[in-house]
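**Q** I would like the entire structure built from these sequences, with the hints used as guidance.
2 protein chains.
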Amino acid sequence: MSTKTDNKTPAPTWSPDVLRDFAAAFDPKLEALLSKKTDIPSRLKDAMTYALLAPGKRMRPYLATQCCQLAGKTAGQAFAAAAAIECVHCFSLVHDDLPAMDDDDLRRGRPTTHKQFDEATAILVGDALLALAFEILATGSPKEANLGQMVQVLAESTGATGMIGGQAADLAGQDQPPSIEKTQYIHQRKTGCLFSAAAKLGALAAGAPDAAIEAMGRFGLQLGLAFQIADDLLDVTASTDQMGKATSKDATAGKQTYPACVGIEESKIAAERAAKQAIDALSSFGPGAADLQALAKYAISRNY
Amino acid sequence: MSTKTDNKTPAPTWSPDVLRDFAAAFDPKLEALLSKKTDIPSRLKDAMTYALLAPGKRMRPYLATQCCQLAGKTAGQAFAAAAAIECVHCFSLVHDDLPAMDDDDLRRGRPTTHKQFDEATAILVGDALLALAFEILATGSPKEANLGQMVQVLAESTGATGMIGGQAADLAGQDQPPSIEKTQYIHQRKTGCLFSAAAKLGALAAGAPDAAIEAMGRFGLQLGLAFQIADDLLDVTASTDQMGKATSKDATAGKQTYPACVGIEESKIAAERAAKQAIDALSSFGPGAADLQALAKYAISRNY
Chain E
1 MSTKTDNKTP APTWSPDVLR DFAAAFDPKL EALLSKKTDI PSRLKDAMTY ALLAPGKRMR
61 PYLATQCCQL AGKTAGQAFA AAAAIECVHC FSLVHDDLPA MDDDDLRRGR PTTHKQFDEA
121 TAILVGDALL ALAFEILATG SPKEANLGQM VQVLAESTGA TGMIGGQAAD LAGQDQPPSI
181 EKTQYIHQRK TGCLFSAAAK LGALAAGAPD AAIEAMGRFG LQLGLAFQIA DDLLDVTAST
241 DQMGKATSKD ATAGKQTYPA CVGIEESKIA AERAAKQAID ALSSFGPGAA DLQALAKYAI
301 SRNY
Chain Z
1001 MSTKTDNKTP APTWSPDVLR DFAAAFDPKL EALLSKKTDI PSRLKDAMTY ALLAPGKRMR
1061 PYLATQCCQL AGKTAGQAFA AAAAIECVHC FSLVHDDLPA MDDDDLRRGR PTTHKQFDEA
1121 TAILVGDALL ALAFEILATG SPKEANLGQM VQVLAESTGA TGMIGGQAAD LAGQDQPPSI
1181 EKTQYIHQRK TGCLFSAAAK LGALAAGAPD AAIEAMGRFG LQLGLAFQIA DDLLDVTAST
1241 DQMGKATSKD ATAGKQTYPA CVGIEESKIA AERAAKQAID ALSSFGPGAA DLQALAKYAI
1301 SRNY
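Protein chains in written order, with my numbering: chain E, 1 to 304; chain Z, 1001 to 1304.
Certain hints may be false.
The calculated lysine-lysine pairs, modelled on DSS-like cross-linking and capped at a C-alpha distance of 27 Å, are [unchecked claim]:
1) E/Lys182 - Z/Lys1037
2) Z/Lys1182 - E/Lys36
3) E/Lys276 - E/Lys182
4) Z/Lys1057 - Z/Lys1037
5) Z/Lys1115 - E/Lys115
6) E/Lys143 - Z/Lys1143
7) E/Lys37 - Z/Lys1182
8) E/Lys182 - Z/Lys1036
9) E/Lys37 - E/Lys115
In short, the hints are calculated from the structure, not lab data.
**A** Below, the structure written as structure tokens:
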């Protein structure tokens, strides 16, 4: 797939090294935030640390931080927003992996939280990380930020009309006939909502005007969709590359995916369209948006 | 047990009818709040409604509302705080009942949420109710309230240093030798924190001064402890009343309880002490606090 989605924006400068550098600086601060909370029962705290500080791409915190900087403020000013969104993301991974949900034993090469500890602890870890997200927002956001709007954005994008609703639709859609409407509904909520929230929270942390918040939110949503469709495609590619395994993980689970609904070529076009819409959403921000726009190109340039 | 804990306060006027009347007015508003959210997958929404609108005492919303009124404002001004705290309470019941936790099939005579629906849905219902609590606070709190403090109070009292930490300690303490320190730790967090938060949120919704918020928080904490110790006692009484069942539900589960640690008589004294401390916490509020003080007397007057 060509990465030349938009010739007017600067050439992509973005590489996964950028995220690795970001995570190397972000993770110790996240660890410090959790470790200073001394009044947590030890097993729960160990499991929270295991889940929150597992090696991760930190894509959502990076997005929050970049959007705050694009709005003219420092990375530090976005830290609470970035940490809160990562708590929500990690909570969702722990609960999605539970036996009653996707029943996964491994995540990023390590046992999932319920395998490493136990199921009750994993449920509590998820619950505690979700509560911690709002505590971090309330205690760490800059004074100039509209905290009410930040809490609302995080809660709505996480809750029954957002990510959690997406997971419910994902479970309900398994083993149903492929439907592009269902797939779009699920991807928008399960992935898009939290990406959009990350971008908006970064903008809100900077005290950005409404138009900038809205534009960055659109960028985040389309970036999330581009990544998710690309992940759907990679899941198909990965499985066909493996000798003796004809079906992908998503297909085995009977999941609603783009390739299952519209085939590989149409899925590639949908991913390109999402990336293009993401890039366009930041067109009014000038050269400062080049890194984020390059990230959107990277999302669809991975090898599938 | 005598209810004459403090002769200086008015004679108890409080009866469970007060809570029934409160719930009859509160529940339709709670239902309206949830039903207007139209973009929730239907099974998830049905299960959220089932869990949130199960017949309940609405003790915590009542407490929030009373504290707001004691601080000179209307019941309506506390509605968001009251609804948020009930969402958190109901989330905790749904998750505590899960097979991996307390594994309960019945709650208040109805199947638990995971029995009525399924385990995955119950996990998502709890998650969604927790997110909804913060959404309600952020969108429905009065402008004069300190929203940052409200979110902080709710998040801390819910999270790993509060109720969720208490549930973790409760699970860890099962089948351990009885320990009054462990029991106090668990009761304070599992029950006391959310009662305290309910009272504080009511005061915060009224824009009450710090001293009033602190006093109401102490009242809520001690009220919660009085109720919890009384529940420990009722669990023992109920079981010995049942022919052919020698041990209580708590004892069967190997739970840390007051009677298991210090015996029935000492437990009664501890419950009276908590009720007395609750009543004393409101001594500066004058006759307006009589209903709440009577509630504290009621907490320990139940028949055990």
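**Q** Run every hint past the structure and note whether it holds.
**A** Here's how the hints hold up against the structure:
1. Of the pairs offered as hints, the one joining E/Lys182 and Z/Lys1037 holds, with about 19 Å between alpha carbons and a cut-off of 27 Å not exceeded.
2. For the hint linking Z/Lys1182 to E/Lys36, the alpha-carbon distance of about 22 Å falls within 27 Å, and the restraint holds.
3. Simply put, E/Lys276 and E/Lys182 have alpha-carbon atoms about 22 Å apart, close enough for the 27 Å limit, and the pair holds.
4. For the proposed pair Z/Lys1057 and Z/Lys1037, the alpha carbon gap of about 24 Å is at most 27 Å, so the pair holds.
5. A C-alpha spacing of about 24 Å is found between Z/Lys1115 and E/Lys115, which places the hinted pair at or below 27 Å, so the restraint holds.
6. The straight-line distance between the Cα atoms of E/Lys143 and Z/Lys1143 is roughly 16 Å, inside the 27 Å bound, and the hint therefore holds.
7. Distance check on the hinted pair: E/Lys37 and Z/Lys1182 sit about 19 Å apart at the alpha-carbon level, within 27 Å; holds.
8. Straight-line distance between C-alpha atoms of E/Lys182 and Z/Lys1036 comes to about 22 Å, which keeps the hinted pair within the 27 Å bound.
9. Annotation: proposed proximity of E/Lys37 to E/Lys115 holds, straight-line Cα distance about 25 Å (limit 27 Å).
Consistency with the previously given hints is maintained throughout, with no hint failing.
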